[in-house]
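Number of protein chains: 2
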Amino acid sequence: MDTNSSQNRNQKNISENKKTLRRPTKGKSSYKRKIYDLRNTPKDTLVSFSLGGQEEVGINMIGYKYNDDIIFIDMGLEFPDEEMLGVDYIIPDITPLRGLEKNIKGIYITHGHYDHIGAIPHLIDKLGNPKIYGLKLTIGMIKKRQEEFRVKSKPNFIEIDIDDTLKLGVFKLSFIRASHNIPDSSMVIIDSPVGKIIHTGDYKFDMTPVDFNETEIHKIAALHNQKVLALYADSTNADQPGHQISELKVEKSIRELFTKAEGRIIIGTFASLLSRIQQIIKVSEELGKKVVIDGRSMKNNVAIAHELGYLKYKRGTIIEYKDMGRYPDNKIVVACTGAQGEDRAVLMRIANNEHRQIRIQKGDTVVFSSSVIPGNERSVQKLRDSLYKHHANVINYTMMDIHAGGHAKQEDIKLLIKLINPKFYVPIYGTHTHLKLNAEVAEETGILKENIFTPFNGQLLEFNKREEAKIAESKLYLNNILVDGLGIGDVSGIVLRDRKQMSEHGMIVIISTIKMSTGDLVGNPDIISRGFIYMNANKKLVEDIRTKVKETLKDSDPLTPANQSYIKDKVREDITKFIYKRTHRNPMVLPVILLM
Amino acid sequence: MDTNSSQNRNQKNISENKKTLRRPTKGKSSYKRKIYDLRNTPKDTLVSFSLGGQEEVGINMIGYKYNDDIIFIDMGLEFPDEEMLGVDYIIPDITPLRGLEKNIKGIYITHGHYDHIGAIPHLIDKLGNPKIYGLKLTIGMIKKRQEEFRVKSKPNFIEIDIDDTLKLGVFKLSFIRASHNIPDSSMVIIDSPVGKIIHTGDYKFDMTPVDFNETEIHKIAALHNQKVLALYADSTNADQPGHQISELKVEKSIRELFTKAEGRIIIGTFASLLSRIQQIIKVSEELGKKVVIDGRSMKNNVAIAHELGYLKYKRGTIIEYKDMGRYPDNKIVVACTGAQGEDRAVLMRIANNEHRQIRIQKGDTVVFSSSVIPGNERSVQKLRDSLYKHHANVINYTMMDIHAGGHAKQEDIKLLIKLINPKFYVPIYGTHTHLKLNAEVAEETGILKENIFTPFNGQLLEFNKREEAKIAESKLYLNNILVDGLGIGDVSGIVLRDRKQMSEHGMIVIISTIKMSTGDLVGNPDIISRGFIYMNANKKLVEDIRTKVKETLKDSDPLTPANQSYIKDKVREDITKFIYKRTHRNPMVLPVILLM
Chain A
11 MDTNSSQNRN
21 QKNISENKKT
31 LRRPTKGKSS
41 YKRKIYDLRN
51 TPKDTLVSFS
61 LGGQEEVGIN
71 MIGYKYNDDI
81 IFIDMGLEFP
91 DEEMLGVDYI
101 IPDITPLRGL
111 EKNIKGIYIT
121 HGHYDHIGAI
131 PHLIDKLGNP
141 KIYGLKLTIG
151 MIKKRQEEFR
161 VKSKPNFIEI
171 DIDDTLKLGV
181 FKLSFIRASH
191 NIPDSSMVII
201 DSPVGKIIHT
211 GDYKFDMTPV
221 DFNETEIHKI
231 AALHNQKVLA
241 LYADSTNADQ
251 PGHQISELKV
261 EKSIRELFTK
271 AEGRIIIGTF
281 ASLLSRIQQI
291 IKVSEELGKK
301 VVIDGRSMKN
311 NVAIAHELGY
321 LKYKRGTIIE
331 YKDMGRYPDN
341 KIVVACTGAQ
351 GEDRAVLMRI
361 ANNEHRQIRI
371 QKGDTVVFSS
381 SVIPGNERSV
391 QKLRDSLYKH
401 HANVINYTMM
411 DIHAGGHAKQ
421 EDIKLLIKLI
431 NPKFYVPIYG
441 THTHLKLNAE
451 VAEETGILKE
461 NIFTPFNGQL
471 LEFNKREEAK
481 IAESKLYLNN
491 ILVDGLGIGD
501 VSGIVLRDRK
511 QMSEHGMIVI
521 ISTIKMSTGD
531 LVGNPDIISR
541 GFIYMNANKK
551 LVEDIRTKVK
561 ETLKDSDPLT
571 PANQSYIKDK
581 VREDITKFIY
591 KRTHRNPMVL
601 PVILLM
Chain B
11 MDTNSSQNRN
21 QKNISENKKT
31 LRRPTKGKSS
41 YKRKIYDLRN
51 TPKDTLVSFS
61 LGGQEEVGIN
71 MIGYKYNDDI
81 IFIDMGLEFP
91 DEEMLGVDYI
101 IPDITPLRGL
111 EKNIKGIYIT
121 HGHYDHIGAI
131 PHLIDKLGNP
141 KIYGLKLTIG
151 MIKKRQEEFR
161 VKSKPNFIEI
171 DIDDTLKLGV
181 FKLSFIRASH
191 NIPDSSMVII
201 DSPVGKIIHT
211 GDYKFDMTPV
221 DFNETEIHKI
231 AALHNQKVLA
241 LYADSTNADQ
251 PGHQISELKV
261 EKSIRELFTK
271 AEGRIIIGTF
281 ASLLSRIQQI
291 IKVSEELGKK
301 VVIDGRSMKN
311 NVAIAHELGY
321 LKYKRGTIIE
331 YKDMGRYPDN
341 KIVVACTGAQ
351 GEDRAVLMRI
361 ANNEHRQIRI
371 QKGDTVVFSS
381 SVIPGNERSV
391 QKLRDSLYKH
401 HANVINYTMM
411 DIHAGGHAKQ
421 EDIKLLIKLI
431 NPKFYVPIYG
441 THTHLKLNAE
451 VAEETGILKE
461 NIFTPFNGQL
471 LEFNKREEAK
481 IAESKLYLNN
491 ILVDGLGIGD
501 VSGIVLRDRK
511 QMSEHGMIVI
521 ISTIKMSTGD
531 LVGNPDIISR
541 GFIYMNANKK
551 LVEDIRTKVK
561 ETLKDSDPLT
571 PANQSYIKDK
581 VREDITKFIY
591 KRTHRNPMVL
601 PVILLM
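So the sequences go chain by chain: A and B. First residue of the first sequence: 11, per the numbering used here; consecutive thereafter. First residue of the second sequence: 11, per the numbering used here; consecutive thereafter.
If we strip away everything but chain A, and leave its shape as in the complex, we get (with noise of 0.2 Å):
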């Protein structure tokens, strides 16, 4: 007796299951097209490719080849957006580098935000456990997140200075510090036997920036008459015009707005953006606050990044909850995480009075230093309602600079592509019109439009001795790797889908038992349903369902294994134009067939 039917379904489709592991925002093209090998790249040819990034904001993952030497910037991951429902995050799919493991020279890890080291945990086992270079807390910032998971390999992180230069295989690899949002972030040069290519990772300009986040301008002015061949270029903000603005006039703005408060300022801001939340501690410190840290990861950073020598503050700066009565209101700042609205995160907690040591009261500032992740929208009002409901004064960036974006807008990129002057130009990171905006900058600053790439994720860029290059015709197979829990792989298209249907009409289990001997209904069929109707003031609607499958198994001869199925599906059918009929609703229904 196995009516395991979720089983058999799989079974059916299981070469329908292929297809759809691809996210649905993925064109189809990519089927049609030839695979290509990555272990036969052209001769003497430097080939590069993105596992990701190059379609959304994350999973950045960049590999560039020459003969049998591979090196990857970075190795990122994406969070979901809300189509890919209950998926934790996405990471990128290495299935190309099957049998190269061996070839993988190293990895350099620009800065240490989770879109650029995020997938280090899940994948290094599986790579043969590369060597991973990064300038000190980034590296810090790995070595943190490698704890929370079960890693079989030995860890492998080397901790270079900004200054050093690394070997791996055939590339000679240098480095320029470059402003960002967090310490420790940098671009990279990598010379090749074809050629020089520059590697931004996250970079912006930032001529007054907060502590150990100054860009090495001479460095990238020197690149200017050295023949850079390409340019791989930051494309997150590439859809804004003008200059990035500059964290001292964050800072100004935080110090002007900590100065007027009258009673407690709440701030809340990404947990990895390290340089905000220095330079709340600094103006704290200036004007004699007190500073309660907040939110596990924020927590975690800090103390990181403290430890380093990357984040300073005077003893007795920082302290808890429970000290906060000791001092006056006009003296405490709570520096927390959850300024995106998110369900569970601190601020979302202050707001609904959920918090088990704060609560929102009259005269409190709420300040939002950070922008409003897209998608995030409807989560980050209501949190504002809820805040003024409380009367707190609430702030965000609309209505003062507090705070600066960590990319380069479309006048810093400008800039940089001026400076260096390359003869190729690739944007990368960021969604296709991120990439296709960034090539249009390119292009007014004078780059020659069939010298410019935005390579889809899986399309692999040839350079050649003779500075020519051209996008392979062939690409990489690629899936996005969907983990959920300690899954990683096994959410496919199929079991999203259901759970999308499930999450629009909840589902409906119809089980009916059938005596073997007779093919005769055993009393009458059970009904369980879930998140489609409110049953109990719906007594009827159940009844005719229940009389409707009585009908349906009336005719049917269910004891033939071929038409057990049939039945099943006739009643599946049945039901499902029944259901819609009566309520213009669709649930997932469940026929089971029980014999006794």
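None of these hints come from the bench; they were simulated from the model. Each hint should be verified, as a subset may be incorrect.
Put simply, identical chains are the same to the list, so a pair is met inside one copy or across any two.
[Unchecked claim] Below 27 Å or equal to it, Euclidean Cα-Cα: the simulated BS3-like pairs (lysine-lysine) are:
1) 206 <-> 341
2) 510 <-> 587
3) 564 <-> 525
4) 112 <-> 162
5) 153 <-> 591
6) 591 <-> 154
We have chain A; now place chain B onto it with these hints.
This is chain B only, laid out in the frame that chain A set:
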């Protein structure tokens, strides 16, 4: 044999359900307060109350009551946010009006948008079919929508002219034409026994609008010396500084774009944005272009507005897809729906190559002539990505003034307040944040802080004969009524919670058949799951779950009913824990015990 555990569960939770029927965003404070009885409002006092629209954008329905007479302005619906899984829309709760149906002297509808007319077909039967008044196009839109629903009451829709006055009980209503982005938008002057109320509906100031959209500023100016008691004014764009841009500016941008485009133009906008559609048609005619209208709701709106004389075009301007081939590409304009990235709307189908009559080709210009509604950012981004992939030129409102909102911005609000010079100011229509920001603007213009009220839904404002106003201490008890398919109000908090859980981790049904005579398990438990895990690749996990269920069942005696429900709970608990430990996921576990 009845194992309908869903009903059992609902039964248990009936009292809980009463609460959860409220949307989760509402505060809990209201439960503690006394409930206001609309049948007993204070004598000779004007009482205003919102059944919706004060904590969200949509479900606008504000009532005014004086002794026995009640009027309403608007009856709108709201589209749900992503947490209200599967809900089609939300309508106001009219329960507090029970027994007062005869007191409703009439309902005035300010304009024909869904957030002002959408709840009419769902509510008029229950309200005793009151008279509904509006300008010509508004009544036309209401009648059109009515056709889509089964409504018992004979329509009681009365068309009025902008210069008419209405006597509804003690209330005298007169009207002011207002600029918005649909013709026949209006403000209402309500003369009540305690004073004059101005209720703006949706408005902006546009000194150079498109046809039929001129604000009657002389009527507004005339109010200055009439001692207006209170101004109830739109807050939708109160978060935005400056003035709303004029439709003339938008028209100029459209003309520039249409003139320069070398290929076809595909322009997406809201179906209800009739003034924009008029501009598109007007400019197309000037330039000798032909216009295809695509999208059911847009076609409907164009048809009705044309029929009533509000949308003008020459014979031959509007063509069908099949006739496109007769004109060169640069003479073709497609005006369509879907600029918000809606799944099945025209623009998304075009972008995904799923549209039957049109494919994107190189040279096409795709124009987003609308803002992005908060929450839609990611879908719009995906839409733009798809369009870029097909080499379309993509233009949106951040690149050019090709969209003007329909609502007053901060400087417009100031102008209105200065012109009308009211004693009291009541921000309406928007989230609480919008209302608060509107209040701040009013305070800046010199309205006394204590004369500005931002009541929540269900809160009541009382104006007495001495021109005093206050918010009542008790409030109306309101639910948000969720409409899902044909069901109104039958989707409760429990149903939504179940949908949410299933959307994140799916569900697993465990069916165990037990021999009544012995209490033994018959065969193996059946396990069905959906949306949880790709089961074929996880047979081991399924087997382990089965084993775990058997263990749980072994030590139990299922024969008494009480015990049976105990066993179910035990299975649910054990398996939930077991699955979490193994997978870090929380699917909904539904145990079924069948007795044979």
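Quick rundown of the hints versus the structure:
no.: 1; hint: 206 <-> 341; verdict: neither (52 Å within a copy, 48 Å between copies)
no.: 2; hint: 510 <-> 587; verdict: both (19 Å within a copy, 24 Å between copies)
no.: 3; hint: 564 <-> 525; verdict: both (13 Å within a copy, 25 Å between copies)
no.: 4; hint: 112 <-> 162; verdict: within (18 Å within a copy, 75 Å between copies)
no.: 5; hint: 153 <-> 591; verdict: between (57 Å within a copy, 25 Å between copies)
no.: 6; hint: 591 <-> 154; verdict: between (55 Å within a copy, 23 Å between copies)
The structure fails hint 1 only (numbered hints given earlier).
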